[in-house]
Amino acid sequence: NAGVTQTPKFQVLKTGQSMTLQCAQDMNHNSMYWYRQDPGMGLRLIYYSASEGTTDKGEVPNGYNVSRLNKREFSLRLESAAPSQTSVYFCASSENDRVDEKLFFGSGTQLSVL
Amino acid sequence: GENVEQHPSTLSVQEGDSAVIKCTYSDSASNYFPWYKQELGKRPQLIIDIRSNVGEKKDQRIAVTLNKTAKHFSLHITETQPEDSAVYFCAASIVQGAQKLVFGQGTRLTINP
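Protein chains in written order, with the working numbering: chain A, 373 to 486; chain B, -10 to 102.
Hints listed in this document are in silico derivations from the structure and should not be mistaken for laboratory results. Honestly, I wouldn't trust all of these hints.
Stated by the list, open to error - Derived BS3-like pairs: lysine-lysine, alpha-carbon spacing no greater than 25 Å straight-line:
#, chain 1, residue 1, chain 2, residue 2
1, B, Lys89, A, Lys474
2, A, Lys474, A, Lys443
3, B, Lys89, B, Lys46
4, B, Lys89, B, Lys11
5, B, Lys60, B, Lys89
6, B, Lys11, B, Lys26
7, B, Lys26, B, Lys89
8, B, Lys89, A, Lys443
9, A, Lys429, A, Lys443
10, B, Lys46, B, Lys57
11, B, Lys57, B, Lys47
12, B, Lys31, B, Lys89
13, B, Lys60, B, Lys46
14, B, Lys26, B, Lys46
15, A, Lys429, B, Lys89
16, A, Lys474, B, Lys26
17, B, Lys57, B, Lys26
18, A, Lys474, A, Lys381
19, B, Lys26, A, Lys381
20, A, Lys474, B, Lys46
21, A, Lys474, B, Lys11
22, B, Lys11, B, Lys46
23, B, Lys47, A, Lys474
24, B, Lys47, B, Lys60
25, B, Lys60, B, Lys11
26, B, Lys11, B, Lys57
27, B, Lys31, A, Lys474
28, A, Lys474, B, Lys60
29, B, Lys26, B, Lys47
30, B, Lys31, A, Lys381
31, B, Lys47, B, Lys11
32, B, Lys60, B, Lys26
33, B, Lys11, B, Lys31
34, A, Lys429, A, Lys381
35, A, Lys474, A, Lys429
36, B, Lys57, A, Lys474
Here chain B stands alone, though its shape is the one from the complex (with noise of 0.2 Å):
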């Protein structure tokens, strides 16, 4: 079945920098690839997401870019502030019968003042 594979698991970065999350995914028929995010004891919330026919995505201090080809998708976060602190997961679509999403395992950012 499909397999999403999520880089880091954490990260720790200092408030101003910039934060890349890493997808791969191994279904080539994916073509819906949200970003949820779930800051501490909250619940996910779609942040961004990216279809199969764009490149890239872009929504204020974040994006998303999508490589098709190498079949890996990442999260990008520019100036960053303590509120981005949070579990962010990744998904990929899949189609088993009806189409669904399967999560990556997540990676927990804290930005460090």
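If we strip away everything but chain A, and leave its shape as in the complex, we get (with noise of 0.2 Å):
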């Protein structure tokens, strides 16, 4: 029992270049998350899963796009990449989209925009 698996953990991008982000869960959990970590800003929601087949946005979706390609997986795209989005993403899941229910955290990936 992995958890949350997420690839790359470490990725360089020049700016204007696309990348996915992959995120898988074995808990059979039904809600996934993407989140970034800047330094000062906590943890900001990008886009969230609530059940396989919905997708939304979160605080900060501009320049990502995601999908929730079966119960298991929820990937994280960046079309053309930007300096301001170098940051540490981290995927996470739930049980279901309650709030208090608990997160479960991927082990991140440094990515870098050059």
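From the two separate chains plus the hints, produce the assembled complex.
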């Protein structure tokens, strides 16, 4: 039982390049989330998926797209990376989308956009 | 929108002493307040939470208190140990369509031996 697995762990992009961050969970959770973590700003929600087949915007969705591929997998795509997207990205999952459900986080992706 | 302010941003205490981290929130409808701990280079993990119908909750050396009138809640760690060194995030629930969490900015706690 690996929990939440996200890849890659590190990535360097040039401005304008695209990439997809992958996330998978093996806990049979219904809800999945993408957060970004910036110094002094805590964790900010980018997109979430309350259940398979649904996705919704969070606090900071601009410049990102997501796909809930199936119940296990939730990917985050940067179509045209910008330096402002340099951050640490965390995928998370929870049993359902009740706000008081425990979030299980992945190990993070350190992304640098030059 | 909901704003969660967390203080201090850094905190250094001697091993064995107590540490207190405070958060304030703006939405009076907030009713769930978790705390996550993130050790260096690791993923955030839930350590304790409190709901708005409770004023205090304890779990061994950690406790959380909630003052709904003043809209603030605090994390208390007693008898601190080196393994308590980490970044701690508070969060508060908000209602924006669906209920979501808004996180504070984080507090880097260092326990000095």
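Structure-based check of all given hints:
no. : hint                : verdict
1   : Lys89/B x Lys474/A  : holds (12 Å)
2   : Lys474/A x Lys443/A : holds (18 Å)
3   : Lys89/B x Lys46/B   : holds (22 Å)
4   : Lys89/B x Lys11/B   : holds (20 Å)
5   : Lys60/B x Lys89/B   : holds (18 Å)
6   : Lys11/B x Lys26/B   : holds (14 Å)
7   : Lys26/B x Lys89/B   : holds (19 Å)
8   : Lys89/B x Lys443/A  : holds (20 Å)
9   : Lys429/A x Lys443/A : holds (18 Å)
10  : Lys46/B x Lys57/B   : holds (14 Å)
11  : Lys57/B x Lys47/B   : holds (18 Å)
12  : Lys31/B x Lys89/B   : holds (23 Å)
13  : Lys60/B x Lys46/B   : holds (16 Å)
14  : Lys26/B x Lys46/B   : holds (17 Å)
15  : Lys429/A x Lys89/B  : holds (11 Å)
16  : Lys474/A x Lys26/B  : holds (13 Å)
17  : Lys57/B x Lys26/B   : holds (23 Å)
18  : Lys474/A x Lys381/A : holds (23 Å)
19  : Lys26/B x Lys381/A  : holds (20 Å)
20  : Lys474/A x Lys46/B  : holds (17 Å)
21  : Lys474/A x Lys11/B  : holds (21 Å)
22  : Lys11/B x Lys46/B   : holds (15 Å)
23  : Lys47/B x Lys474/A  : holds (17 Å)
24  : Lys47/B x Lys60/B   : holds (19 Å)
25  : Lys60/B x Lys11/B   : holds (11 Å)
26  : Lys11/B x Lys57/B   : holds (13 Å)
27  : Lys31/B x Lys474/A  : holds (17 Å)
28  : Lys474/A x Lys60/B  : holds (22 Å)
29  : Lys26/B x Lys47/B   : holds (16 Å)
30  : Lys31/B x Lys381/A  : holds (12 Å)
31  : Lys47/B x Lys11/B   : holds (16 Å)
32  : Lys60/B x Lys26/B   : holds (22 Å)
33  : Lys11/B x Lys31/B   : holds (23 Å)
34  : Lys429/A x Lys381/A : holds (24 Å)
35  : Lys474/A x Lys429/A : holds (20 Å)
36  : Lys57/B x Lys474/A  : holds (22 Å)
Figure legend: structure checked against the earlier numbered hints; every hint is met.
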